[in-house]
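Residue numbers (the working numbering), protein chains in the order written: chain P, 1 to 108; chain R, 1 to 431.
I should point out that these hints are in silico values taken from the structure, not numbers from a laboratory. Source: prediction; values computed, not measured. Any given hint could turn out to be false.
[As the list claims (entries may be wrong)] Calculated lysine to aspartate or glutamate pairs in the DMTMM-like style (CA-CA distance at most 25 Å, straight line): (1) K275(R) / E99(P); (2) K355(R) / E13(P); (3) K56(P) / E267(R); (4) K101(P) / D278(R); (5) K56(P) / E217(R); (6) K282(R) / E99(P); (7) K140(R) / E84(P); (8) K7(R) / D66(P).
[Unchecked claim] Not the full set, but computed from the structure, chain R residues with beta-carbon under 8 Å of chain P: (9) V74; (10) M208; (11) L211; (12) S213; (13) A273; (14) R274; (15) A353; (16) L360; (17) P361; (18) K362; (19) P426; (20) F427.
Note that beta-carbon positions come from the ideal geometry of N, C-alpha and C, so glycine has one too.
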Amino acid sequence: MQVYNEENKIEIEVYDSLKRVMDPELGINIVDLGLIYKITYTIENGIHITMTLSTKGCPMSDVIMDQMDSVLSEIFPDKKHHIELVWEPVWNTSFVTPEGKKALGLTF
Amino acid sequence: MQLATQKAPPANIVLPHYAFAAVAFLVLFILLFFSADSFIGHYFNPKLLTITHIAALGWGTMIIFGSLYQLLPVILNSSLFSNLLAQITFYFWGPGLILLAFSFWTFAIGIPIQIASVLLFIAATLFLVNIIVTVTKAEKSNIQAEFIVTAALWFWVTVTIGVLMAFNLTYAFLPQEHLFYLKLHAHIGIAGWFLLLIMGAGSKLLPMFLLSSGVNEKKLTIAYYLLNAGIIGFLVDSLFFNGISRGIIYLLIALAGIAFFFSFAYEAYKKRARKNLDIGMKQSIYAFLIISVCIIFSVLNNLTIFNSAVFAQQITLLFGISVFIGFISLLIMGQTLKILPFIVWLNKYQKLAGKGKTPLPKDLFSEKIAYWQFLSFIIGFLLLLFGILISTVIFIQIASLLLIAAALLYNFNVFKMLLHKTSIQPFPKNN
Chain P
1 MQVYNEENKI EIEVYDSLKR VMDPELGINI VDLGLIYKIT YTIENGIHIT
51 MTLSTKGCPM SDVIMDQMDS VLSEIFPDKK HHIELVWEPV WNTSFVTPEG
101 KKALGLTF
Chain R
1 MQLATQKAPP ANIVLPHYAF AAVAFLVLFI LLFFSADSFI GHYFNPKLLT
51 ITHIAALGWG TMIIFGSLYQ LLPVILNSSL FSNLLAQITF YFWGPGLILL
101 AFSFWTFAIG IPIQIASVLL FIAATLFLVN IIVTVTKAEK SNIQAEFIVT
151 AALWFWVTVT IGVLMAFNLT YAFLPQEHLF YLKLHAHIGI AGWFLLLIMG
201 AGSKLLPMFL LSSGVNEKKL TIAYYLLNAG IIGFLVDSLF FNGISRGIIY
251 LLIALAGIAF FFSFAYEAYK KRARKNLDIG MKQSIYAFLI ISVCIIFSVL
301 NNLTIFNSAV FAQQITLLFG ISVFIGFISL LIMGQTLKIL PFIVWLNKYQ
351 KLAGKGKTPL PKDLFSEKIA YWQFLSFIIG FLLLLFGILI STVIFIQIAS
401 LLLIAAALLY NFNVFKMLLH KTSIQPFPKN N
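Construct all of the structure, not just a fragment, from the sequences and the given hints.
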């Protein structure tokens, strides 16, 4: 990803920081799992993350959200953040990164 | 945003069920070792009744209680109606089971078994109320919840028949002979309680743990109606039309329901995104394979083709063992390694998540120990079936020792998780 301006730089930092957030059941971070759909940052609105979960009603949903809150508050203490949970498009394995696929045992 | 874990009951309500069940599982096989000769006679004997009830109530039902209190809020996205009721249920059920086991073992069929059955009946009623109100007050129900509520109803019916039988041993007021009610009690317990519940919980857990999407849930609805039709038909025909010999018809209806559930489970397995199966899921899948053994014994058990009464009794015993010790125990052991680490992890690390590097739920138990437990259990189970089939006590005793080893290893992992001490490391600096 190429850095164009300060806002893009923050978006990339957010993306990297979210690799700390693990799905505890799978032991894979949410970025490699392909749960993060979009990250935007503007000075006015702060950090906005659009994401999904692998299963509707996932019992780990709030744990994942709590982890994200903790990580974002720690690394970007002066920036407000908002997490939007969406169900479209429905998560599937094509969203998983090569690292995530390796961890899941997917061979394609 | 769903906050499923905040709706789950506190860990101190759920975890004692796992501790009790794990100990019951070990006691069960120790008793099996010391009563190996009972397995080559008629199944209606004090030792076998003790072992069966420890397996069904102390092991299977106790762990189902604990797991359901955790799972139902996830399925319904709604809190359990009453945590207090769940606790009271535990305090009636545990002592009730211990007294029942003592009564069977010593064949104290008077006051002790009556008190035990009343304690269990109170617990079953409280459990039923808790489940029904939880589902009723949830905003939205689903097929998984239907399975669970119906299973809880059949559970209550099973316990009620058991209570009547306990009093009938002294007062002999029931119109039919004791073994007639025993057959109803056992069949409704196995199909109505255990099977329906496993289907309901499994239909949620399987796709969730395997990361399967787009699995056809219509199969579950068909499975639900067919299995219930089989149970109701069997119960009504037996009670009112003297049709217990037509059991094979209802068995076939129930088997059709099981086939639809299997089709669902297979579809979930084929569509799984998670190709690497952990030890918990491997054990669960083997448990489902054992169902085929249960079905063979069940069909044989319902066919009146045997001239030899001894062989017919053996088949009944083999059916019971393949269900309780084979299928249900292996499934519970597998799912314990999925559910218990998650409950303990949430209890210890939920508030610490994101603040440092925490162990994962799978790090809370030893996978190596779980592997040896699985191996010891499978060999012990197969040897037990073989020992009963050839009526040889020494094989049954060797099988019991292997099963005791499996139960000890299982207990090691359960208590390793229950006694886990919180540990958190700082994140690596490059993140």
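Against the structure, the hints come out as follows:
Distance hint between K275(R) and E99(P) is fulfilled; the C-alpha atoms sit about 14 Å from each other, no more than 25 Å. At most 25 Å may separate the alpha-carbon atoms for a hinted pair to count; K355(R) and E13(P) meet this at roughly 17 Å. Between K56(P) and E267(R) the alpha-carbon distance is near 18 Å, which keeps this suggested pair within the 25 Å criterion. A C-alpha spacing of about 16 Å is found between K101(P) and D278(R), which places the hinted pair at or below 25 Å, so the restraint holds.
Of the pairs offered as hints, the one joining K56(P) and E217(R) holds, with about 14 Å between alpha carbons and a cut-off of 25 Å not exceeded. A threshold of 25 Å between alpha carbons decides the hint, and for K282(R) with E99(P) the separation of about 24 Å falls inside it, so the pair holds. The hinted pair formed by K140(R) and E84(P) meets the criterion: a straight-line CA distance of about 23 Å does not exceed 25 Å. Distance hint between K7(R) and D66(P) is fulfilled; the C-alpha atoms sit about 15 Å from each other, no more than 25 Å.
With a cut of 8 Å, the hint placing V74(R) at the interface with chain P holds, because the nearest CB-to-CB distance is about 5 Å. With a least beta-carbon distance of about 5 Å to chain P, the hint placing M208(R) at the interface is held under the 8 Å criterion. The beta carbon of L211(R) comes within 6 Å of a beta carbon in chain P, closer than 8 Å, and the hint placing it at the interface holds. Nearest Cβ of chain P to the Cβ of S213(R): about 6 Å, under the 8 Å cut. The hint holds.
At its closest, the beta carbon of A273(R) sits 4 Å from a beta carbon of chain P; the interface hint therefore holds under the 8 Å criterion. At a threshold of 8 Å, the smallest CB-CB gap from R274(R) to chain P is about 5 Å, leaving the interface hint in force. Nearest Cβ of chain P to the Cβ of A353(R): about 4 Å, under the 8 Å cut. The hint holds. Given the 8 Å rule on beta carbons, the hint for L360(R) holds: about 5 Å separates it from the nearest Cβ of chain P.
The closest approach between the C-beta of P361(R) and any C-beta of chain P is roughly 5 Å, which is under the 8 Å cut-off, so the hint is satisfied. Interface restraint check for K362(R): the shortest CB-CB distance to chain P comes to about 6 Å, inside 8 Å, so the restraint holds. Interface hint at P426(R): violated, since its Cβ lies 11 Å from the closest Cβ of chain P, which is beyond the 8 Å cut-off. Because the closest C-beta pair between F427(R) and chain P is about 6 Å apart, less than 8 Å, the hint holds.
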